[in-house]
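Undergrad: The primary structure of each chain is shown beneath.
Protein chains: 4
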Amino acid sequence: MLKVGIIGAGRIGKVHLESISYHVKNAVVTAMADPFMNDETRAFIEGFGVEKIYQDYKQIINDPEIDAVLVCSSTDTHAPISIEAINAGKHVFCEKPLANTVDKIQEIADALKAHPEVKFQVGFNRRFDHNFAAVRKAYDEGKIGDAQILKITSRDPQAPPVGYCAASIFLDMTIHDFDMACFLTNSDVEELYVYADALINPSIREYGDFDTAIISLKMANGALAVIDNSRQAMYGYDQRAELFGSKGMVATSNDTLSSAVISTADGVTGEKPLFFFLERYMESFSEEVRQFVAAVENNTETPVGIHAGMQSVKIALAAEKSANEHRAVKLSEID
Amino acid sequence: MLKVGIIGAGRIGKVHLESISYHVKNAVVTAMADPFMNDETRAFIEGFGVEKIYQDYKQIINDPEIDAVLVCSSTDTHAPISIEAINAGKHVFCEKPLANTVDKIQEIADALKAHPEVKFQVGFNRRFDHNFAAVRKAYDEGKIGDAQILKITSRDPQAPPVGYCAASIFLDMTIHDFDMACFLTNSDVEELYVYADALINPSIREYGDFDTAIISLKMANGALAVIDNSRQAMYGYDQRAELFGSKGMVATSNDTLSSAVISTADGVTGEKPLFFFLERYMESFSEEVRQFVAAVENNTETPVGIHAGMQSVKIALAAEKSANEHRAVKLSEID
Amino acid sequence: MLKVGIIGAGRIGKVHLESISYHVKNAVVTAMADPFMNDETRAFIEGFGVEKIYQDYKQIINDPEIDAVLVCSSTDTHAPISIEAINAGKHVFCEKPLANTVDKIQEIADALKAHPEVKFQVGFNRRFDHNFAAVRKAYDEGKIGDAQILKITSRDPQAPPVGYCAASIFLDMTIHDFDMACFLTNSDVEELYVYADALINPSIREYGDFDTAIISLKMANGALAVIDNSRQAMYGYDQRAELFGSKGMVATSNDTLSSAVISTADGVTGEKPLFFFLERYMESFSEEVRQFVAAVENNTETPVGIHAGMQSVKIALAAEKSANEHRAVKLSEID
Amino acid sequence: MLKVGIIGAGRIGKVHLESISYHVKNAVVTAMADPFMNDETRAFIEGFGVEKIYQDYKQIINDPEIDAVLVCSSTDTHAPISIEAINAGKHVFCEKPLANTVDKIQEIADALKAHPEVKFQVGFNRRFDHNFAAVRKAYDEGKIGDAQILKITSRDPQAPPVGYCAASIFLDMTIHDFDMACFLTNSDVEELYVYADALINPSIREYGDFDTAIISLKMANGALAVIDNSRQAMYGYDQRAELFGSKGMVATSNDTLSSAVISTADGVTGEKPLFFFLERYMESFSEEVRQFVAAVENNTETPVGIHAGMQSVKIALAAEKSANEHRAVKLSEID
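Chains as they are written, first to last, in my numbering: chain A, 3 to 337; chain B, 3 to 337; chain C, 3 to 337; chain D, 3 to 337.
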């Protein structure tokens with residue numbers, strides 16, 4: 003039974019607490035920490051039988067009974083907390099993005115090199131989603147041949163408040179799609195070109211950010227890829243992928259609450275996609291932790307290591323550069 | 003070049019005129035007759051280059067230049083005109099139903115026996131529809147194994163005026179579905195049981211008729227089948243079939259004007275089915291005549307002979323009997 | 003926190019144990035009993051923290067700490083155990099069918115009448131399935147108008163061994179569909195007619211049973227309905243419903259493991275339906291118990307009471323009678 | 003009755019001959035010319051009742067009885083023949099692309115300016131396809147709000163022989179998609195960026211051409227667009243579009259020969275897309291000419307004028323430039 007401490011009791015921290023409690027058989031959450039711990043959150047955590055509830059995450063890192071740490075704190079603390087945990091010999095599962103700079107991620111990589119016994123996983127949960135996993139499986143099984151064209155559509159149901167995001171759309175939202183591009187083609191990215199604009203809310207441009215983007219990518223294995231992003235799809239969370247290759251294509255559509263289709267004089271109408279990431283990807287949050295726990299137990303490689311964490315951030319930084327400089331940017335330019 | 007005379011210049015007669023002119027390469031309509039021929043109809047017919055336009059159909063039957071006759075007159079005249087044409091040595095394509103009684107159809111059969119050189123085809127156009135033909139093809143190719151369950155959904159977009167139909171729903175509308183049941187399972191019907199009611203317009207009951215029905219059938223080859231009918235589907239003409247067997251299932255859905263699907267805050271909406279039989283089955287009207295012409299040219303059997311014409315009417319009469327007597331009726335009871 | 007005892011530790015008993023432990027917040031399983039309790043089952047139950055594990059179910063019924071009982075034992079014991087539990091003042095959730103005779107179910111009804119404080123629910127889990135619930139919701143919201151035609155397709159992926167079932171296909175398998183027919187049209191059944199045969203394995207006829215059936219029903223509210231059953235669909239568990247009414251239609255399709263569709267030179271291929279009822283309906287097993295617990299907590303009516311339990315068995319018995327006597331059978335004939 | 007002469011009796015010339023004969027009521031083909039006229043082609047043309055069959059197209063241009071000319075000759079002759087016809091006062095329908103250079107198209111534009119009475123239409127038939135027209139219709143009706151993201155997938159079922167094409171993939175194949183991008187967003191293109199490669203057959207690179215491409219476009223109205231092309235989709239001709247806007251999305255899927263879906267132990271399999279452009283777009287070839295004829299008859303603007311013909315070629319030339327220079331290219335750079 004793996005003893006887990008969760009650092010950060012915001013939305014994603016709570017999701018992991020509930021998910022591990024109900025759906026991860028070989029792990030138990032024994033401690034949880036958050037600098038802004040309040041009574042409501044404390045009660046929520048206690049409801050799952052967690053006894054050690056802290057404000058200071060260091061109490062988790064220093065707890066010799068804890069085997070593994072889930073880093074669910076704010077992005078800027080991902081790297082330092084991960085490093086502390088690694089140095090304390092804890093296995094680490096860290097939410098994405100690992101950091102907003104290459105240097106900070108490199109520091110995590112260095113810490114891991116110094117602690118080869120530590121398992122490290124990045125929280126790219128979509129890799130464990132039933133639909134995206136089916137795309138990769140079809141590719142791995144050779145059903146579509148060599149990858150030639152990948153298309154990812156990723157649109158949020160509603161935009162965050164203007165100025166809310168510290169990070170750009172690329173680091174905050176597209177980062178998942180960048181990881182998907184690598185995962186689905188089983189390849190790194192070599193170069194990209196971005197068209198981005200503020201078509202939903204022009205005032206976002208004042209913050210140097212965008213709400214609509216088309217990102218073309220040249221993958222290291224030769225495949226071409228394109229991601230289209232919008233911060234606001236009125237019909238809901240649109241999450242699709244299609245991979246085209248020398249033998250055929252595999253494509254996914256959106257999940258819905260039910261398959262009911264209503265035919266009337268007005269048309270033939272099915273349900274909108276599941277609302278947002280908690281509804282759409284809930285099962286994947288369990289599966290990623292199950293596989294993390296299995297990697298610890300079996301002393302095998304975790305399914306999403308530091309390389310994926312680094313790649314995705316480099317791609318996001320390259321995308322920012324391309325959008326701002328109106329030119330193709332090679333990943334090798336990013337350091 | 004087969005020279006064709008069309009008897010009856012109502013809707014279906016005009017459909018065949020246009021369809022043969024544009025889409026049947028080895029046939030030409032040289033004559034057309036209708037007792038109610040008016041100027042408008044005459045002009046329409048002339049527009050297709052037809053020179054011989056009559057009120058009296060006998061002028062077509064007596065025309066030695068004419069090879070084949072399409073009987074598109076009112077149902078009660080189908081049998082006598084067909085018999086006259088057969089006796090005159092014309093090949094005959096007759097619209098459905100051949101008649102409303104077994105006796106009259108038997109007279110056609112007798113005439114055909116006396117004129118074995120004459121080709122005879124019944125106008126069950128749905129056999130030539132791309133979707134239904136694909137169901138039968140899958141069955142013939144063994145893809146679904148032995149037929150076990152057939153389901154046909156057949157719903158009209160709007161009911162005819164009450165009292166309009168001389169014939170019952172079974173002879174007027176379901177007759178096509180009865181023929182489909184035989185065609186899709188490649189079998190005759192042995193017995194059936196009907197639940198029928200007037201759920202759309204109760205006043206239809208005064209005419210001894212129904213507007214909604216579920217007809218269960220036991221096919222001669224052992225398969226079970228069910229047809230559901232409605233005179234009024236608010237979303238349009240609903241024409242589907244599914245055949246289930248020992249190896250799998252083949253199922254069809256409705257055709258639409260386009261594949262466009264619109265996703266908005268209100269849902270994900272596709273188009274309604276094509277409006278009615280002219281829109282839905284237009285291509286099949288050409289194909290049935292093409293195959294009739296080919297049978298004449300090649301001196302082969304037509305694809306829909308007198309047996310199909312007789313079976314479908316017997317089934318319809320058995321269905322009337324079952325609905326009225328509230329019991330299962332065997333086809334062998336109908337004479 | 004409702005304290006629950008589960009009687010019967012077979013497959014469905016274990017499903018409820020796991021489901022309640024993980025997904026039903028206000029209930030806890032404190033006891034479980036099975037006459038054939040073995041070490042493996044005992045270990046499984048202990049894994050969920052259940053302390054009271056018995057061979058004799060009476061220990062559960064006599065336990066004053068237990069609020070509610072889930073009757074998951076063999077069908078012939080459903081009624082007597084339910085009655086004992088009711089008489090002991092326990093709330094009862096009983097698996098379907100309640101019994102194979104009307105008399106036994108009437109005894110449960112009588113016990114309930116004598117204990118009006120007891121909540122009683124029948125395990126018709128499909129009512130809580132997302133797809134079927136969406137059909138009923140559309141109907142309740144008036145989107146399809148008055149119900150006119152209901153179609154239910156229910157096909158198992160593989161037949162049980164011949165002679166395995168004590169009960170007929172109607173009491174064992176179709177019973178769920180009979181309840182669905184009532185649920186989806188919000189009506190009782192008035193009369194039915196059955197065509198049934200042994201098309202998959204003719205030797206089933208020796209046991210007086212069938213493996214393929216088409217059941218036509220006349221609902222008390224005037225709607226017509228049809229259920230088609232097969233014990234063996236080679237493509238998997240086929241569970242669909244469509245309800246047609248005066249304003250339109252609502253229809254559901256099967257659930258799959260993913261939405262991935264693979265297009266190759268061989269065609270455009272999606273996944274088969276989820277394998278069987280545990281995969282397909284797992285979520286509904288939680289939801290039905292959640293609503294049972296809520297009814298106890300709020301002292302409201304349970305969503306599936308004794309009437310539904312009685313109706314479904316009466317319909318199944320009428321279906322047996324119709325199949326054997328080749329005639330329409332009214333529900334009023336069954337006592 | 004518009005009298006039409008067709009110049010060029012290759013595949014597309016024959017398609018127009020047949021299509022006009024069968025499906026365009028107010029036009030008749032009275033003459034056809036081809037420098038390589040042979041007996042087989044002559045017999046084909048005569049079969050449609052065309053009496054004037056020439057080797058020299060000038061006989062058509064000089065024929066005072068002919069009202070309109072369809073230019074279906076090889077691409078390099080489109081411009082000079084169109085100009086001759088315009089100068090002779092004939093209405094002109096010219097196949098795409100108008101030419102491979104801006105200068106030549108400008109010459110056509112100049113001729114048209116000198117002959118304002120002449121109607122001129124470019125053969126962008128896809129604008130008249132039922133699916134693409136439905137996308138534009140939904141947009142025009144305001145159902146999706148302001149256009150933000152357009153995605154076009156356009157993949158051929160099989161690549162032409164290497165070295166066969168005189169023109170690049172952009173001028174030969176993508177030209178249709180460029181016109182679709184303008185049509186569907188109702189906007190010109192401002193700038194584009196291309197990733198292109200030879201992933202199917204690397205030897206195409208020796209001819210300076212590509213077989214796989216992702217083209218990102220910035221439309222003049224602010225929308226972003228992306229086209230993905232492949233010369234070889236093993237599952238057939240893949241022709242889809244989706245337009246996303248401030249209120250929602252409209253998307254189309256491929257057409258198939260039938261809607262039949264076969265479910266077996268191997269999966270749930272539907273048909274592949276219709277094979278290639280003749281199968282897929284046949285109806286659009288009639289519709290574009292019907293609208294050309296109507297424009298002549300009613301003296302209104304044709305639906306696809308010289309501007310669309312010029313734009314599409316400019317975009318194709320910009321795409322070539324971008325692919326070769328690895329940079330974003332503005333349309334304003336192309337002259």
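Since the hints were derived computationally from the structure, they do not count as laboratory data.
Note that this is a predicted model, so its numbers are computed, not measured.
Please note that a few of the clues may not be correct.
Note: identical chains are not told apart, hence a pair may lie in one copy or across any two.
SDA-like mimics (lysine to any residue), calculated; alpha carbons at most 25 Å apart, straight line [what the hints assert, rightly or not]:
1. 27 x 279
2. 16 x 102
3. 16 x 292
4. 249 x 203
5. 145 x 272
6. 220 x 161
7. 27 x 302
8. 54 x 3
9. 54 x 23
10. 139 x 258
11. 145 x 299
12. 332 x 144
13. 16 x 119
14. 323 x 193
15. 249 x 207
16. 139 x 267
17. 5 x 277
18. 145 x 190
19. 249 x 269
20. 60 x 118
21. 27 x 307
22. 145 x 255
23. 249 x 158
24. 316 x 135
25. 106 x 193
Undergrad: Please go over all the hints and tell whether each is borne out by the structure.
TA: For each hint, the structure was consulted:
1. Proximity of residue 27 to residue 279 under the C-alpha cut-off of 25 Å is found in both arrangements, the shortest distances being 23 Å within a copy and 23 Å between copies.
2. Only within a single protomer do residue 16 and residue 102 lie at most 25 Å apart by alpha-carbon distance; the minimum there is 23 Å, versus 47 Å between protomers.
3. Taking the shortest alpha-carbon separations for residue 16 and residue 292, both the intra-copy value of 16 Å and the inter-copy value of 22 Å come in at or below 25 Å.
4. Proximity of residue 249 to residue 203 under the C-alpha cut-off of 25 Å is restricted to the inter-copy arrangement: shortest distance 14 Å between copies versus 41 Å within a copy.
5. Proximity of residue 145 to residue 272 under the C-alpha cut-off of 25 Å is restricted to the inter-copy arrangement: shortest distance 13 Å between copies versus 30 Å within a copy.
6. With identical chains, the CA atoms of residue 220 and residue 161 are at most 25 Å apart between copies only, with a shortest distance of 22 Å across copies and 28 Å within one.
7. With identical chains, the CA atoms of residue 27 and residue 302 are at most 25 Å apart within one copy only, with a shortest distance of 18 Å there and 35 Å across copies.
8. In this assembly of identical chains, residue 54 and residue 3 lie within 25 Å of each other by CA distance both inside one copy and across copies; the values are 17 Å within and 24 Å between.
9. In this assembly of identical chains, residue 54 and residue 23 lie within 25 Å of each other by CA distance both inside one copy and across copies; the values are 15 Å within and 23 Å between.
10. Within a single copy, residue 139 and residue 258 get their C-alpha atoms as close as 22 Å, and across copies as close as 16 Å, so both meet the 25 Å cut-off.
11. In this assembly of identical chains, the alpha carbons of residue 145 and residue 299 never lie at most 25 Å apart, being 32 Å within a copy and 47 Å across copies at closest.
12. For a Cα distance limit of 25 Å, the shortest separation of residue 332 from residue 144 qualifies neither inside one copy, at 29 Å, nor across copies, at 40 Å.
13. Proximity of residue 16 and residue 119 under a CA criterion of 25 Å is satisfied in neither setting, with 28 Å inside one chain copy and 38 Å between copies.
14. For the homomeric pair residue 323 and residue 193, the shortest alpha-carbon distances inside one copy (12 Å) and between copies (18 Å) are both at most 25 Å.
15. Proximity of residue 249 and residue 207 under a CA criterion of 25 Å is satisfied inter-copy only: 21 Å between copies versus 42 Å inside one chain copy.
16. With identical chains, the CA atoms of residue 139 and residue 267 are at most 25 Å apart between copies only, with a shortest distance of 19 Å across copies and 41 Å within one.
17. Proximity of residue 5 and residue 277 under a CA criterion of 25 Å is satisfied in neither setting, with 33 Å inside one chain copy and 35 Å between copies.
18. Proximity of residue 145 to residue 190 under the C-alpha cut-off of 25 Å is restricted to the intra-copy arrangement: shortest distance 21 Å within a copy versus 39 Å between copies.
19. Taking the closest pair of Cα atoms, residue 249 and residue 269 come within 25 Å of each other only across two copies (12 Å); inside a single copy the shortest separation is 36 Å, beyond that limit.
20. Within a single copy, residue 60 and residue 118 get their C-alpha atoms as close as 22 Å, which meets the 25 Å cut-off; across copies the closest is 57 Å, which misses it.
21. In this homomeric assembly, residue 27 and residue 307 come within 25 Å of each other (Cα to Cα) only inside a single copy, at 22 Å, whereas the closest approach across copies is 35 Å.
22. Both within a single protomer and between protomers do residue 145 and residue 255 lie at most 25 Å apart by alpha-carbon distance, with minima of 18 Å and 22 Å respectively.
23. For the identical chains of this complex, residue 249 and residue 158 are inter-copy neighbours only, at 13 Å across copies versus 32 Å inside a copy, given an alpha-carbon limit of 25 Å.
24. Taking the closest pair of Cα atoms, residue 316 and residue 135 come within 25 Å of each other only inside a single copy of the chain (23 Å); across copies the shortest separation is 41 Å, beyond that limit.
25. Within a single copy, residue 106 and residue 193 get their C-alpha atoms as close as 22 Å, which meets the 25 Å cut-off; across copies the closest is 37 Å, which misses it.
Violated hints, in rising order: 11, 12, 13 and 17; the structure is consistent with all others.
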